[in-house]
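Fit chain B to the given chain A structure using the hints.
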Amino acid sequence: MNATMLLAGVAAWFSLGALLSWHARRSLGEGMIEYFLADRKVGGFISAMTYSATTYSAFMMVGLVGLTYSSGVGSLGFEMTYLAATVILMVLFAPRYWAAGRIFQLVTPSELLSKRYGTPVAGATAAILCIIMLIPYASVQLMGIGYLFEIISGGTIPFIWGMIIAAGVSFVFSWWAGLRSVALTDALQAIVMLAASAFLLWYISFSLFPDGLSQALYARQDLLRLKWSFPMFVGLTLPWAFFAVTNPQVVQRLYIPATVSSLRKMIIGFSAFGFIYTVLCVLFGLAAAAKMPGLDKPDNAMAMLLSVVPAPLALVVSLSIMAAAVSTMNSVILTLSSMFGRDIVRAFVPEISEKTELRLCRALIPVITIICFLFAKMQLGLIAVLSAMASGGLLMQLPAILGVFFWKKATAAGAISSMLVGGVTVGYMYIQGLKPLGHWPSLWGILISGVIFVAVSLMTRPPENTALFMSSVDDFIDPRFGS
Amino acid sequence: MKRREKLWVIFALVYAVLNVAVPYTFLKDTGSLLGAFLFWNLITASVLAAGVWVTSPWGRDRTKGELQE
Numbered sequence: 011m012n013a014t015m016l017l018a019g020v021a022a023w024f025s026l027g028a029l030l031s032w033h034a035r036r037s038l039g040e041g042m043i044e045y046f047l048a049d050r051k052v053g054g055f056i057s058a059m060t061y062s063a064t065t066y067s068a069f070m071m072v073g074l075v076g077l078t079y080s081s082g083v084g085s086l087g088f089e090m091t092y093l094a095a096t097v098i099l100m101v102l103f104a105p106r107y108w109a110a111g112r113i114f115q116l117v118t119p120s121e122l123l124s125k126r127y128g129t130p131v132a133g134a135t136a137a138i139l140c141i142i143m144l145i146p147y148a149s150v151q152l153m154g155i156g157y158l159f160e161i162i163s164g165g166t167i168p169f170i171w172g173m174i175i176a177a178g179v180s181f182v183f184s185w186w187a188g189l190r191s192v193a194l195t196d197a198l199q200a201i202v203m204l205a206a207s208a209f210l211l212w213y214i215s216f217s218l219f220p221d222g223l224s225q226a227l228y229a230r231q232d233l234l235r236l237k238w239s240f241p242m243f244v245g246l247t248l249p250w251a252f253f254a255v256t257n258p259q260v261v262q263r264l265y266i267p268a269t270v271s272s273l274r275k276m277i278i279g280f281s282a283f284g285f286i287y288t289v290l291c292v293l294f295g296l297a298a299a300a301k302m303p304g305l306d307k308p309d310n311a312m313a314m315l316l317s318v319v320p321a322p323l324a325l326v327v328s329l330s331i332m333a334a335a336v337s338t339m340n341s342v343i344l345t346l347s348s349m350f351g352r353d354i355v356r357a358f359v360p361e362i363s364e365k366t367e368l369r370l371c372r373a374l375i376p377v378i379t380i381i382c383f384l385f386a387k388m389q390l391g392l393i394a395v396l397s398a399m400a401s402g403g404l405l406m407q408l409p410a411i412l413g414v415f416f417w418k419k420a421t422a423a424g425a426i427s428s429m430l431v432g433g434v435t436v437g438y439m440y441i442q443g444l445k446p447l448g449h450w451p452s453l454w455g456i457l458i459s460g461v462i463f464v465a466v467s468l469m470t471r472p473p474e475n476t477a478l479f480m481s482s483v484d485d486f487i488d489p490r491f492g493s
Numbered sequence: 006m007k008r009r010e011k012l013w014v015i016f017a018l019v020y021a022v023l024n025v026a027v028p029y030t031f032l033k034d035t036g037s038l039l040g041a042f043l044f045w046n047l048i049t050a051s052v053l054a055a056g057v058w059v060t061s062p063w064g065r066d067r068t069k070g071e072l073q074e
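As they're listed, the protein sequences go chains A and B. Last residue of the first sequence: 493 in our numbering, with the numbers rising by one and none dropped. Last residue of the second sequence: 74 in our numbering, with the numbers rising by one and none dropped.
Next up, chain B with everything else stripped away, as it sits in the complex:
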């Protein structure tokens, strides 16, 4: 596993904990769109944006020829 992938796994674990812990503790009883609704939108958007970043080196290929991508 490469360094960037290891960072990605750590990020995923932090996400997994926050994704459940925050709504089930701090936001459980917030009855507005600014509660769990906003939180889950934001945390998911963060993961998707991080996905764009972590895949940014893909295709910056150091090989040539048939499999040049």
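Isolated chain A (complex conformation):
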């Protein structure tokens, strides 16, 4: 594709997003809750779209398409399991997070741990774990855009410039008006992601497969047989299945819907978006495998598909991939900056004013963006490992999170030790490439983390206000969420 055309498309898309950010800025009030949660007044549709755009990254149109291209239908099982598990968890946890956020005026997901376990160390431990795990994950989004632009522009836009563009856009969308801006631009980006994918499927169905895709797949029946080994399926699916409660950038979104019905619309809207988008991406992978088998790099399958469609369509789809990456990255950056201020700085300097705290958090947005950029610029093989480790590492918060709402005997010592030991175990196993008995590190990590959480909790004393915490949440939920 012509680089001028690509850059013009990016400029048009950025202008539209910047206009939305400017609009959001006009209604921006003061304070942490206003900046990071849009004052908890986001409607159902925008909540659903920002949740969807934050959840689904560039992995879908690049990684999942490539995974389907190389390994077939197992990738559909992996991604659909993730979607179903997310909805199952949202039904159970969204009311509780939403209620706790309002009762205790929470800003970050880790702050909930501090509140429940009665010590800021619990929240700080979770925040540090999240920062370590999510910076590589955000960096990979930048790398994805760098590679995509380099490939589709035929090398005219170098890797580094693609990353600079993506980092710049992410920074503007998140810094300007916080979550108000991110939510609006996410909604725009989610619509672009879905519309572009639907158009692409429509085009390739009629032009590349005049006899129908299902007919073409008769020649690739191997891709429709389940080739994934069971340990691989569990190893990949397990950490992602709990994404909805362990990834702070999506958990923070459970605080933002304005009303109970907005919260419900968020879940239903995300369900519909996720289902359609997943099916489309898997079909792209199968279509690419049927039409152009034998690619050396499966991750190039989408780029190869785009090379055989008209340039305007390829441009819109490329922008949708950039939108997916940017909407994930700016949400991660915004959430991490809020966690740094609330869970680390305020935890240890409690007398800090909210104004100073917010100023510090905003100052951190460009810092985290630059760190992600520098990390991505190194193009280390280690980044891929760290990124893969991210979901496994974040999973180690799961026992502590379950304990918040469902186990009265859970203690701060149990929560902190389970996150620390689990995080270190998973990190060590990923870096060393260890898979005892053929099972992936996340499985071993969650087993160890869970056992430590229960054992240490039983040996220590729960905070005195545990019963009060739980009854406050239950009393708030009961009249609003039916029986």
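It is worth saying that the hints were derived from the structure and are not from the lab. Nothing here was measured: the structure is a model prediction, and the numbers come from that model. Glycine residues also receive a C-beta, built at the ideal position from the N, C-alpha and C atoms. Be aware that one or more of the hints could be misleading.
Claimed, not checked - Sample of chain B residues at the chain A side, in silico, Cβ under 8 Å:
1. 31
2. 38
3. 49
4. 58
5. 59
To be verified - Calculated cross-link-like contacts (lysine-lysine; reagent style DSSO-like; alpha-carbon spacing at most 30 Å):
6. 237/A / 301/A
7. 237/A / 307/A
8. 307/A / 51/A
9. 33/B / 418/A
10. 33/B / 301/A
11. 51/A / 7/B
12. 419/A / 11/B
13. 237/A / 33/B
14. 418/A / 11/B
15. 307/A / 445/A
16. 307/A / 11/B
17. 445/A / 33/B
18. 7/B / 419/A
Chain B in isolation, oriented as in the chain A frame:
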């Protein structure tokens, strides 16, 4: 945990077992769109539809005033 939530957890456990057991036993070698591909689409759609049902009482609020939703 409320009654509807307990039912939801049981439903989730049944889903978790079927979601893995069926494709890895009966459908493993079915090389068509009517195999694991269709199964995973259908079972996921069932969970999403059940999610719509289980959240249907949400917002039918019995409170009034500031937090009327």
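Evaluated hints:
no.: 1; hint: 31; verdict: 11 Å, violated
no.: 2; hint: 38; verdict: 6 Å, holds
no.: 3; hint: 49; verdict: 4 Å, holds
no.: 4; hint: 58; verdict: 10 Å, violated
no.: 5; hint: 59; verdict: 6 Å, holds
no.: 6; hint: 237/A / 301/A; verdict: 20 Å, holds
no.: 7; hint: 237/A / 307/A; verdict: 19 Å, holds
no.: 8; hint: 307/A / 51/A; verdict: 45 Å, violated
no.: 9; hint: 33/B / 418/A; verdict: 43 Å, violated
no.: 10; hint: 33/B / 301/A; verdict: 24 Å, holds
no.: 11; hint: 51/A / 7/B; verdict: 27 Å, holds
no.: 12; hint: 419/A / 11/B; verdict: 20 Å, holds
no.: 13; hint: 237/A / 33/B; verdict: 8 Å, holds
no.: 14; hint: 418/A / 11/B; verdict: 18 Å, holds
no.: 15; hint: 307/A / 445/A; verdict: 25 Å, holds
no.: 16; hint: 307/A / 11/B; verdict: 46 Å, violated
no.: 17; hint: 445/A / 33/B; verdict: 24 Å, holds
no.: 18; hint: 7/B / 419/A; verdict: 20 Å, holds
Of the numbered hints stated above, those contradicted by the structure are hints 1, 4, 8, 9 and 16, listed in ascending order.
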